[in-house]
Amino acid sequence: MTVQMRPRVKYVIGPDGSPLTIADLPPANTRRWVIRRKAEVVAAVRGGLLSLEEACARYTLSVDEFLNWQAAIDKHGLAGLRTTWIQHYREG
Numbered sequence: 077m078t079v080q081m082r083p084r085v086k087y088v089i090g091p092d093g094s095p096l097t098i099a100d101l102p103p104a105n106t107r108r109w110v111i112r113r114k115a116e117v118v119a120a121v122r123g124g125l126l127s128l129e130e131a132c133a134r135y136t137l138s139v140d141e142f143l144n145w146q147a148a149i150d151k152h153g154l155a156g157l158r159t160t161w162i163q164h165y166r167e168g
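In this note's numbering, the protein residues as written are 77 to 168.
Heads up, a few of these hints could be off.
Ranges of calculated distance between the beta carbons of each label pair, as one might list FRET restraints [stated by the list, open to error]:
#1 Thr-97 - Leu-128: 17 to 23 Å
#2 Arg-108 - Arg-84: 24 to 30 Å
#3 Ala-133 - Ala-99: 25 to 31 Å
#4 Thr-136 - Asp-100: 15 to 21 Å
#5 Arg-84 - Thr-136: 20 to 26 Å
#6 Lys-151 - Arg-112: 15 to 21 Å
#7 Ala-147 - Val-110: 16 to 22 Å
#8 Lys-151 - Gly-93: 16 to 22 Å
#9 Arg-158 - Ser-138: 17 to 23 Å
Just so you know, the hints here were simulated from the structure itself, not pulled from any lab data. Using N, Cα and C, we set each Cβ at its ideal position, and we do this for glycine too.
Assemble the whole structure, with the sequences as input and the hints as a guide.
Okay, here's the thing in structure tokens:
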């Protein structure tokens with residue numbers, strides 16, 4: 077049985093509407109995760125620029141942490157990625 081790989085895309089549309097390439101992504105050693113950087117990583121994975129596994133390995137994220145970012149965007153938009161509001165959003 078062979079594993080079918082999706083073709084790699086050259087760019088995706090980022091959270092601000094502009095093209096986002098691998099070179100535009102946050103550096104692999106990023107430690108301060110602001111809303112924009114989180115949203116860029118989520119857009120890259122959703123668009124096929126990076127796989128979930130590649131993103132987690134590159135940024136030392138757990139799958140659960142990434143999925144929480146993705147769910148926060150789906151439920152509350154970019155404001156859901158605000159760390160100061162995380163308790164408020166998780167309650168509702």
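Point to revise | Supplied distance hint 25 to 31 Å, evaluated on CB atoms of Ala-133 and Ala-99 | key: violated (18 Å)
Practice item. Check the following: the C-beta atoms of Lys-151 and Arg-112 are separated by a distance inside 15 to 21 Å. Key: At 18 Å between Cβs, range holds.
Exercise for review: Could you tell me whether the CB distance from Arg-108 to Arg-84 stays inside 24 to 30 Å?
Suggested key: Once the Cβ atoms are compared, 28 Å apart, the range 24 to 30 Å for Arg-84 and Arg-108 holds.
Exercise for review: Check the following: the C-beta atoms of Lys-151 and Gly-93 are separated by a distance inside 16 to 22 Å.
Suggested key: holds (21 Å)
Review point. Between Arg-84 and Thr-136, is the Cβ distance one that fits in 20 to 26 Å?
Key: Once the Cβ atoms are compared, 22 Å apart, the range 20 to 26 Å for Thr-136 and Arg-84 holds.
Review point. Do Arg-158 and Ser-138 keep their Cβ atoms within the hinted range of 17 to 23 Å?
Key: For Arg-158 and Ser-138 the Cβ distance comes to about 20 Å; the hint holds.
Exercise for review: Using the Cβ atoms, figure out if Thr-136 sits within 15 to 21 Å of Asp-100.
Suggested key: For Thr-136 and Asp-100 the Cβ distance comes to about 20 Å; the hint holds.
Check your understanding: Has the hinted range 17 to 23 Å been met by the Cβ atoms of Thr-97 and Leu-128?
Key -> holds (19 Å)
Review point. CB of Ala-147 to CB of Val-110, is that within 16 to 22 Å?
Key: holds (18 Å)
Figure legend: structure checked against the earlier numbered hints; the only hint not met is number 3.
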